[in-house]
Amino acid sequence: MTRRAALATAAAAAVPVPPLARHAAAFTPPAGERPLFGARVWSLPNGMRVAFAPSRRVPVVMQYLFYGAGGGEDPQGISGVAHYMEHMMFKGSRNVPSGALSQRVAREGGNDNAFTSRDVTAYYQQVEASRLSLIMDMEADRFAFPLFPADQMESERQVVIEERRQRTDTNPRALFREEFEAALWGRQHWHGRPIIGWPEEIRAIRHADLLAFHERWYAPANAVLVIAGDAEEGALRRLVEEHYGGVDARPAPTRDRAPPPAAPPQRKVTTRSPAITEATYLRSWVAPSLTWGDTDHAWALEVLAHLVGSGQGSLLHEALIETGLATSANASFDADNVGAGEFGISAIARRGTAPDRLEAATDAVIARLLQTGAEPARVARSIRQITAGALLSLDGIGAAPRLIGNALASGLPIETIEFWPARIRAVTAEQVTATARAVLSAPRDCVGWLLPETA
Amino acid sequence: MTGFSLPIQVIEVPAGNIWLVEDHSVPVVSLSWSWRGGAAAEPAGQEGATSLMAAMLGEGAGDLPARAFTDAIRDDAINLSFEAQRDGFEGNLRALSDALPRALRLARSAMVEPRFDNDAFERVRARALAGARQSLEQPRGQASRAFWAGAFPTHSAGRPTGGTTDSIAALTIPLMREAHDRQLRSNGMLIGVAGAIDAAGIRAIIPELFAGLPNGAPAEGPELPAFVHFPRRIVPMPFPQSTILFGQPGLAVSDPDWEAAQIMLRILGGGGFSSRLMQAIRVERGLTYGVSAGLDVLFGQAIISGGLATENGKVAEALDVIRDEWRKMSETGPTEEERADAIAYLTGSQALQFTDSRRIASTLLALQRNNRPLDWLSARPERLNAITNARLAALAKRMLKPDELAVVVAGQPTGL
Chain A
1 MTRRAALATA AAAAVPVPPL ARHAAAFTPP AGERPLFGAR VWSLPNGMRV AFAPSRRVPV
61 VMQYLFYGAG GGEDPQGISG VAHYMEHMMF KGSRNVPSGA LSQRVAREGG NDNAFTSRDV
121 TAYYQQVEAS RLSLIMDMEA DRFAFPLFPA DQMESERQVV IEERRQRTDT NPRALFREEF
181 EAALWGRQHW HGRPIIGWPE EIRAIRHADL LAFHERWYAP ANAVLVIAGD AEEGALRRLV
241 EEHYGGVDAR PAPTRDRAPP PAAPPQRKVT TRSPAITEAT YLRSWVAPSL TWGDTDHAWA
301 LEVLAHLVGS GQGSLLHEAL IETGLATSAN ASFDADNVGA GEFGISAIAR RGTAPDRLEA
361 ATDAVIARLL QTGAEPARVA RSIRQITAGA LLSLDGIGAA PRLIGNALAS GLPIETIEFW
421 PARIRAVTAE QVTATARAVL SAPRDCVGWL LPETA
Chain B
1 MTGFSLPIQV IEVPAGNIWL VEDHSVPVVS LSWSWRGGAA AEPAGQEGAT SLMAAMLGEG
61 AGDLPARAFT DAIRDDAINL SFEAQRDGFE GNLRALSDAL PRALRLARSA MVEPRFDNDA
121 FERVRARALA GARQSLEQPR GQASRAFWAG AFPTHSAGRP TGGTTDSIAA LTIPLMREAH
181 DRQLRSNGML IGVAGAIDAA GIRAIIPELF AGLPNGAPAE GPELPAFVHF PRRIVPMPFP
241 QSTILFGQPG LAVSDPDWEA AQIMLRILGG GGFSSRLMQA IRVERGLTYG VSAGLDVLFG
301 QAIISGGLAT ENGKVAEALD VIRDEWRKMS ETGPTEEERA DAIAYLTGSQ ALQFTDSRRI
361 ASTLLALQRN NRPLDWLSAR PERLNAITNA RLAALAKRML KPDELAVVVA GQPTGL
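So the sequences go chain by chain: A and B. This note's numbering numbers the first residue of the first sequence as 1 and each following residue consecutively. This note's numbering numbers the first residue of the second sequence as 1 and each following residue consecutively.
Hints in this document: simulated from the structure, not taken from any laboratory. Mixed in with the good hints there might be a few duds.
Per label pair, the in silico range of CB-to-CB distance [said to hold, decoys possible]:
| # | chain 1 | residue 1 | chain 2 | residue 2 | range |
| --- | --- | --- | --- | --- | --- |
| 1 | B | Arg232 | A | Thr270 | 52 to 60 Å |
| 2 | B | Arg232 | A | Pro355 | 35 to 43 Å |
| 3 | A | Ala174 | B | Arg323 | 26 to 34 Å |
| 4 | B | Arg323 | A | Ser98 | 53 to 61 Å |
| 5 | A | Asp137 | B | Asp117 | 54 to 62 Å |
Idealized CB from N, CA, C, for every residue including glycine.
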């Protein structure tokens with residue numbers, strides 16, 4: 001699951017999703033600018049970091065435990081380990097039998113789940129405020145002493161394979177997206193592999209692979225605990241120390257992410273599918289992020305994505321939707337990747353539109369943008385619309401822990417979350433133009449077409 | 001034991017009673033309102049008209065064409081949406097406090113003076129057509145289509161709310177205006193509000209929000225007929241995994257056993273890992289990523305429906321397990337421990353419904369739609385705890401029909 005997808009589906013889906021990326025470099029917020037969540041951050045002696053984002057509308061708390069390892073850390077040739085690991089973390093720990101964590105949380109009126117992205121793995125629960133100690137107790141137990149029972153490995157592998165079939169193998173568009181990412185990055189590159197894993201590699205994962213992954217990555221120094229909701233800081237600090245302070249310190253791992261290939265393995269991929277009724281166009285460029293390449297481009301790329309493909313009023317909407325060539329057109333960019341990022345556009349062709357025409361119209365949009373630069377009025381409008389709803393992420397308690405935990409576990413400072421609106425507002429039209437020229441004119445892109453069999 | 005609820009205020013205005021949860025911890029206000037009607041009131045051949053009309057309400061109103069209207073909404077991060085349902089029509093609005101006056105003007109304009117411009121209509125209809133085709137690209141969409149058509153072959157509930165490619169293609173701007181006139185009326189609406197606003201504020205804004213809607217209540221469609229038990233249907237699709245949907249008649253929202261049914265079905269097929277179906281099908285056998293079954297409410301009636309996806313070769317086994325679990329529950333009911341756990345979850349999780357303003361507004365709307373009294377949530381733990389295991393067993397025996405489960409399979413199942 002991608003991070004954006006995880007954010008969209010996690011916890012009631014009622015929270016707006018602001019652009020995630022905030023800057024890694026030092027940044028002084030403008031005078032008077034208040035941090036969005038006002039979170040407190042501290043560390044335990046064993047290296048675990050803790051963040052607390054208070055919210056007192058109702059007596060409810062959320063606990064998120066993030067590990068700074070995701071699908072991007074899967075060993076070569078066995079993609080899917082991080083995700084399989086996430087499943088097996090529910091199979092019991094020294095003091096909690098297999099499956100009991102979820103059942104106890106439910107008995108207390110709470111909900112729990114977990115997700116794996118390319119950069120992080122996170123486990124979370126939401127409960128009435130007085131039950132915080134109980135969920136900390138169980139989460140800390142599986143942090144320190146997970147069992148990974150070998151005799152439950154095969155039935156859970158079948159569950160993972162069914163999950164993959166449900167998400168990907170029965171979804172022609174998701175299958176094509178996998179093929180496309182592999183073309184752009186390489187089938188064995190960390191960015192070109194599916195997080196859930198290639199089917200044959202999921203089947204090859206051994207018990208020892210899970211143990212080795214856990215040993216290397218699930219260390220306190222690589223973990224970030226985020227508590228959000230109705231708690232008192234002093235009492236919370238004591239609770240955290242009591243439950244997590246005893247987890248043995250281990251050396252902090254470092255991520256070993258390969259750079260992108262000098263040139264994409266394939267620049268064009270075309271697939272025909274009998275299951276598809278609407279032709280889909282994809283184009284992506286390898287791009288900087290807040291942690292890779294020219295990181296100054298990262299914020300401008302967020303603005304560029306809005307300006308190019310955010311529905312009504314964006315360049316692609318004018319060129320593809322209002323002209324009747326397509327029924328949808330979007331641009332996307334996540335700046336907070338660990339390692340190289342990806343700037344992508346996508347469109348679904350209207351019936352009867354020749355693929356060449358849609359592609360030519362899209363190319364013309366990009367060419368004009370590169371030639372004449374980003375219009376200052378459009379940049380201003382994008383900045384306003386990206387930032388206008390920042391405070392809406394306080395409506396609900398799920399956004400703060402997801403954004404903060406993801407940033408900290410990805411090696412970004414908390415200011416990237418607390419002051420993201422100021423970072424977006426600081427982007428100029430000149431920067432957007434320079435960034436577009438640097439990223440979109442490089443031959444590090446791939447074009448994909450998924451076509452109906454009859455087209 | 002009192003169930004968690006933020007205090008609910010009732011405010012009487014000419015449009016109807018408004019339920020409000022006032023909370024000033026975040027500078028945001030959410031409103032949800034709904035009418036009866038929806039897709040059920042559409043004349044034959046116009047399926048999807050109400051859905052398409054709902055989409056058109058965001059595509060320009062008053063003197064603002066689509067682009068200007070969208071910019072006005074997005075410049076202030078206003079969330080405004082309209083949704084046609086099988087049996088109703090819902091509006092949702094959320095805005096930061098300082099943008100609320102502008103948000104209300106835009107929402108009113110969208111409802112009272114939508115433009116239905118030709119270029120916007122062509123664009124939105126093309127998107128709806130593509131969406132209708134795409135919804136059938138995957139097993140889930142195909143199975144759902146076949147399931148509802150089988151259960152309600154003669155009623156709008158058996159057809160997709162958004163319409164079919166044929167019906168959408170035949171929709172026109174005059175039909176949009178007719179759908180609008182059928183649905184958006186000044187009477188018959190229910191309203192829930194949550195956030196940084198007080199009763200006086202509500203009294204001031206609500207007349208403004210609905211000023212200018214034509215008098216009268218929306219048109220309503222025919223009543224829901226009985227659920228038809230149909231023989232197993234298979235929709236062939238070229239995938240390695242099949243999607244299974246299953247269901248049977250349930251009970252009315254007003255049934256005295258409504259909450260007993262919620263407890264019993266939570267035990268049988270509720271969310272998460274605690275249900276019997278999840279334990280038997282995922283945890284013990286590894287047959288699926290997820291399985292659930294529960295109540296699906298339409299027209300004041302609930303049907304029991306559920307679903308899962310499994311490898312083509314395992315469909316028969318999964319269906320056997322579902323029927324076995326259905327039968328076991330029907331014959332012997334839940335254990336005392338299961339009863340206690342389910343009630344602990346249902347009562348303990350009430351606070352979780354009050355974490356964000358949209359969810360609160362929507363909870364308030366649902367309570368009114370189901371004709372619940374104001375103290376429904378605070379008195380709920382007491383009611384639930386009074387439901388005995390004998391009553392749950394009697395209900396399961398009366399309601400669950402393992403041999404009459406309607407089943408649809410989309411995929412290439414083998415061994416059936």
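Right, here's what the structure says about each hint:
At roughly 39 Å, the beta carbons of Arg232(B) and Thr270(A) sit outside the given window of 52 to 60 Å. Range check, Arg232(B) to Pro355(A): Cβ separation about 40 Å, and the 35 to 43 Å hint holds. Between Ala174(A) and Arg323(B), the C-beta spacing of about 31 Å keeps the proposed range 26 to 34 Å intact. A hinted range of 53 to 61 Å is violated for the C-beta pair Arg323(B) and Ser98(A), which are about 27 Å apart.
Asp137(A) and Asp117(B) have their C-beta atoms about 60 Å apart, which keeps the hinted 54 to 62 Å range intact.
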